[in-house]
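Asks: Using the sequences plus the hints, can you model the full thing?
Line by line, the protein sequences give chains A and B. The opening residue of the first sequence carries number 1 in our numbering; numbering runs sequentially from there. The opening residue of the second sequence carries number 419 in our numbering; numbering runs sequentially from there.
Don't take every hint at face value.
What the hints assert, rightly or not - Derived pair list, reagent style BS3-like, types lysine-lysine, alpha-carbon separation capped at 27 Å:
1) A:Lys331 - B:Lys538
2) A:Lys279 - A:Lys145
3) A:Lys145 - B:Lys428
4) B:Lys521 - A:Lys331
5) A:Lys145 - B:Lys427
6) B:Lys538 - A:Lys185
7) B:Lys569 - A:Lys251
8) A:Lys186 - A:Lys133
9) A:Lys363 - B:Lys516
10) A:Lys185 - A:Lys133
11) A:Lys236 - A:Lys269
12) B:Lys566 - B:Lys516
Just so you know, the hints here were simulated from the structure itself, not pulled from any lab data.
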Amino acid sequence: MASNGNLLISRNFAVDNMASIDVALKHGAYDQLKRAVKMKPEEVTELVKASGLRGHGGAGFSAGTKWGFIPKDKFPRYVTVNGDESEPGTCKDRLILERDPHLLIEGALICAYAVQAERVYIYIRGEYFYPTKVTAEAVKQAYAKGFAGKNILNSGWSCSVHMHNGAGAYICGEETGLIESMEGKKGWPRLKPPFYPAAIGLYGAPTIVNNVETLAFVPRVMEIGPEKFAGLGTPKNGGTALYSLSGHVNKPGVYELPMGTPLMDLINKFGGGIRNGHKLKAVIPGGSSSHILTAEECENLPLDFESVAARGSMLGSAAVMVIDDTVSIPKLMHWMVRFYAHESCGQCTPCREGCDWLLRLSKKFIDGTARKRDIDDMWELADNIDGKTICALGAAVAWPTKSYLVKFRHEFEAVCRN
Amino acid sequence: MAIPETLKKKAEEILFRYPEDRRRSGLIPLLFEVQRELGWITPEAEAWVVETLGVTDVNVREVITFYSMMRAEPSGKYLIQFCQNISCCLTGGEEIQKHVEHKLGIHPGETTKDGMFTLKCVECLGGCSWGPMMLINEDQYFQLTIEKLDKIINGLKAGEPVPADNPTPLLGNVAGEKA
Numbered sequence: 001m002a003s004n005g006n007l008l009i010s011r012n013f014a015v016d017n018m019a020s021i022d023v024a025l026k027h028g029a030y031d032q033l034k035r036a037v038k039m040k041p042e043e044v045t046e047l048v049k050a051s052g053l054r055g056h057g058g059a060g061f062s063a064g065t066k067w068g069f070i071p072k073d074k075f076p077r078y079v080t081v082n083g084d085e086s087e088p089g090t091c092k093d094r095l096i097l098e099r100d101p102h103l104l105i106e107g108a109l110i111c112a113y114a115v116q117a118e119r120v121y122i123y124i125r126g127e128y129f130y131p132t133k134v135t136a137e138a139v140k141q142a143y144a145k146g147f148a149g150k151n152i153l154n155s156g157w158s159c160s161v162h163m164h165n166g167a168g169a170y171i172c173g174e175e176t177g178l179i180e181s182m183e184g185k186k187g188w189p190r191l192k193p194p195f196y197p198a199a200i201g202l203y204g205a206p207t208i209v210n211n212v213e214t215l216a217f218v219p220r221v222m223e224i225g226p227e228k229f230a231g232l233g234t235p236k237n238g239g240t241a242l243y244s245l246s247g248h249v250n251k252p253g254v255y256e257l258p259m260g261t262p263l264m265d266l267i268n269k270f271g272g273g274i275r276n277g278h279k280l281k282a283v284i285p286g287g288s289s290s291h292i293l294t295a296e297e298c299e300n301l302p303l304d305f306e307s308v309a310a311r312g313s314m315l316g317s318a319a320v321m322v323i324d325d326t327v328s329i330p331k332l333m334h335w336m337v338r339f340y341a342h343e344s345c346g347q348c349t350p351c352r353e354g355c356d357w358l359l360r361l362s363k364k365f366i367d368g369t370a371r372k373r374d375i376d377d378m379w380e381l382a383d384n385i386d387g388k389t390i391c392a393l394g395a396a397v398a399w400p401t402k403s404y405l406v407k408f409r410h411e412f413e414a415v416c417r418n
Numbered sequence: 419m420a421i422p423e424t425l426k427k428k429a430e431e432i433l434f435r436y437p438e439d440r441r442r443s444g445l446i447p448l449l450f451e452v453q454r455e456l457g458w459i460t461p462e463a464e465a466w467v468v469e470t471l472g473v474t475d476v477n478v479r480e481v482i483t484f485y486s487m488m489r490a491e492p493s494g495k496y497l498i499q500f501c502q503n504i505s506c507c508l509t510g511g512e513e514i515q516k517h518v519e520h521k522l523g524i525h526p527g528e529t530t531k532d533g534m535f536t537l538k539c540v541e542c543l544g545g546c547s548w549g550p551m552m553l554i555n556e557d558q559y560f561q562l563t564i565e566k567l568d569k570i571i572n573g574l575k576a577g578e579p580v581p582a583d584n585p586t587p588l589l590g591n592v593a594g595e596k597a
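Replies: Structural data, given as C-alpha cells:
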C-alpha cells in the first residue's frame, strides 16, 4: 500500500516492510537527520521549540523547551526514549515501533544531536516483545548505514543507540522511575523538584526523556517546517496527535488528527459512533488517570491540552475510552482502581495503602455489600492520596476516583444496602 | 545446572550497551534473557547474575520481586497473560477470561496438570483499540472472541499454532484510508 499524504507521522504505517531500512530510505527516512547535523545544535532545539511540539506521553510539556534545559558544559548527556506505554487506553507507540521504527530512531538521533548526547537508549516495556524485535532490528540497520555510531554522516559527532526493556511496571513510564529502572533498580520515582532529568538524570548526567510519539514527530517538524507544523493544531498545541480510540465505538483504532479535533468528531465521524445502537454515557479522555467526562461534558470539546483541562480533565496521552449506557460506573471504578492497586510501586504510604483500600471498597459495590458511608470513605481515601506522593501516580488514581464518585454518585448509591 | 554458553554470550552483548562502570544497568535485560533461556530465574542463575554484574544478592532480589514479568518459579510451556484492564473489559474480556479458565480447568495464577498452560491475569498490555487482548509467551493476540480463543488453544494443544497477530493490525485512519 502506498503512503498517505493526509497523515504526518503515521503516513507510512501501511507501507509494506517500512521497518526495513531500504524501504524506509525510499520514503525519505534519515533525510532530516542529514539536514540537522549541518545545523548548529541549538538551532535544532529552537526549531522544535517554535513548532509548538508538545510531549505526547501525558504531561504535554513543550519538547523544545525541555531540550533547552540541558545545562551548559555538563557531559556526558543521554537521550532516553520512553516506550513504556502503559497508561490504560494508550496503544499508539506500539504502532510506531512496529510500523515505522526508523522514524523514531531518526527523531531520537536529531534530539541527541540537538543536546549533543553521546548515547540514546530506547526503553520499551517488557510486554512489547514484537515491537521490541522490530525496533531492535531497525537499530542494527541504522548502524550499518552509518546513521548511528561514530562520526555520524561525517559531522564529527558520535552517538550510539541501544535497546533496553522494562519488565512489567507502570511506574517506569514516569520519567524518573524509568531512569531508576534503567540503572537496574526498582522503578521508584525520584523526588522532584528541584532536579529534573534534564539536569540530573541517568547516572546523574543530563538526560532528555521523551515519549516515542514525541520523538517520532521531530523529523516531520523539520520536514514541513515549524510554522506549518504549528499551524496544524491550535495556538498552544502544535501539529497532529495519535489518538488511541477504544471501548464502545464501531471503529476503534488509532487516529492521527490535528490537535484540537472535537471529541464528538473523533467518536462519531471517525470512530463510527457508539456501537449496537447504544447511547454514549461517559468518556475517559486521556488515559485511565484522567477525570471521567459525562456525555454532556463531551459536547463541543476540542481535544487539546488546554481545552480538556478547562473542562476539568486532561488530554494526557490522548487515549480516549468510550463508555456506553450498558456500563455500570461502580464496575468501571473497580477495573480502574484494580490497575492502580496493582501498579502502585509502594514507595509512598498514601498511595501504597490507599490504593489497596480503594480496591477493597470498590469491590463492595460489585458484591452488593457496600453502604452509603463507603462512598464518602472512598472519596476521603482518594483525597488523602491526592498531592501527597512523590510522583503523579497518586493523583492518577485520586482524580478519576473522585470524578466517578462525584459525577455518578447516584449509581453508587443505587447499589448500596443503606 | 550449568549456565548455558548462549546465555554467557548474551550477557556480553547486554553489558556492551552500558558504560563500563554501570554494569548494574544490565540487570533487568539479563534476568529477562535468563528466563527466556531457562523458563524461569533459577537460584543458580540468580547467583550467576550477581557474580556477572558485580551486584549484591539483594539488588537482584528486589528487582525480581518488583517487576511483574520476572518469574522466580517455573511456569507452563505456554504462559497466557490475559489483559483485565478497562478497554479489554469494555469489549467483553471478562467473559472470555472465564471461558479460558473453564476450558483449561485452572484459575489465574495456576498451571494445568500437564504443564502445558499457565494463566495469568495482567494489567493493560497496550492493545486497547484491539481488545480484548492477550500474550502467549512472546506472541500477541488481539480482538479475542470465544471462537478465536478456542482455535488458539486447540492449535497449541495439537502442535499446530495459529499465527499470532504480529504485527498489530492497522485500525483507524492510520491504516491509510482517507478520512
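Asks: Hint by hint, note whether the structure agrees.
Replies: Tested hints:
no., hint, verdict
1, A:Lys331 - B:Lys538, "21 Å, holds"
2, A:Lys279 - A:Lys145, "53 Å, violated"
3, A:Lys145 - B:Lys428, "24 Å, holds"
4, B:Lys521 - A:Lys331, "25 Å, holds"
5, A:Lys145 - B:Lys427, "25 Å, holds"
6, B:Lys538 - A:Lys185, "24 Å, holds"
7, B:Lys569 - A:Lys251, "25 Å, holds"
8, A:Lys186 - A:Lys133, "24 Å, holds"
9, A:Lys363 - B:Lys516, "18 Å, holds"
10, A:Lys185 - A:Lys133, "24 Å, holds"
11, A:Lys236 - A:Lys269, "25 Å, holds"
12, B:Lys566 - B:Lys516, "14 Å, holds"
In this structure, only the earlier hint numbered 2 is contradicted, and the remaining ones agree with it.
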